[in-house]
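Generate coordinates for the entire structure from the input sequences, incorporating the hints supplied.
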Amino acid sequence: YQEAIKRNELNDQAIYGLAKFYVRIQQFKEAKNRIVKAIEFDPKNIDYHIVNSEIMYEKDRPEVAIGYLRDLINEYGEDSRLVSTIAIYYSRSGQIKEFENYLKKITSLSKKDENFYRYMIKISKLNDKVEDVILHTNELLKLNPGDLKTRMELQLLGYNFYRQNTSSNTTH
-18 YQEAIKRNEL NDQAIYGLAK FYVRIQQFKE AKNRIVKAIE FDPKNIDYHI VNSEIMYEKD
42 RPEVAIGYLR DLINEYGEDS RLVSTIAIYY SRSGQIKEFE NYLKKITSLS KKDENFYRYM
102 IKISKLNDKV EDVILHTNEL LKLNPGDLKT RMELQLLGYN FYRQNTSSNT TH
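Numbering (this note's numbering), first residue to last: -18 to 153.
Everything labelled a hint here was simulated from the structure, so no lab data went into it.
All figures in this text were calculated on a predicted structure; none of them were measured in a lab.
Keep in mind that a hint or two might mislead.
Computed list of lysine-lysine pairs in DSS-like fashion (alpha-carbon distance at most 30 angstroms, straight line) [as the list claims (entries may be wrong)]:
| no. | residue 1 | residue 2 |
| --- | --- | --- |
| 1 | 93 | 123 |
| 2 | 92 | 110 |
| 3 | 78 | 40 |
| 4 | 85 | 130 |
| 5 | 25 | 40 |
| 6 | 25 | 86 |
| 7 | 103 | 86 |
| 8 | 103 | 13 |
| 9 | 123 | 85 |
| 10 | 86 | 123 |
| 11 | 110 | 78 |
| 12 | 123 | 110 |
| 13 | 18 | 78 |
| 14 | 25 | 13 |
| 15 | 106 | 130 |
| 16 | 85 | 1 |
| 17 | 18 | 92 |
| 18 | 103 | 130 |
| 19 | 93 | 13 |
| 20 | 1 | 130 |
Okay, here's the thing in structure tokens:
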């Protein structure tokens, strides 16, 4: 990313990519500097604002990040990415009632967000809820039918489930 930025300092996509990288390695000050610059170049880019909210979530408090996203919803409308990110933040911070309210909002939106379903799959796996993993994976595949990695994970899950059931039936 840095090489692309050196070639073109106005490349907001490269600046955004670098900001996401800094978030991933938890260098939030550097991430904040980069994402603010990307937002200056393209203030209506929802993805840039979501990265900015991730930094707020990690550095400030969940309420600050959620308030920021709510302000964006007031400004740009109920974009599924914004609503999903708020739901994820409520879930991560243990605010289950608020999460459930946003879950209802998400299901009523005409356009869904892939990242929300990826998050729900991750949580369902952590809680060993195979049925929920399958449900959320199928929803994700409706949004992105060409996602081979997700298709393979679903097939592997089905295969392991089949093997587990056939081996338990033969031991009885």
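Enumerate the violated hints, using their earlier numbering and listing them in ascending order. When the structure is compared with the hints, only number 13 turns out to be violated.
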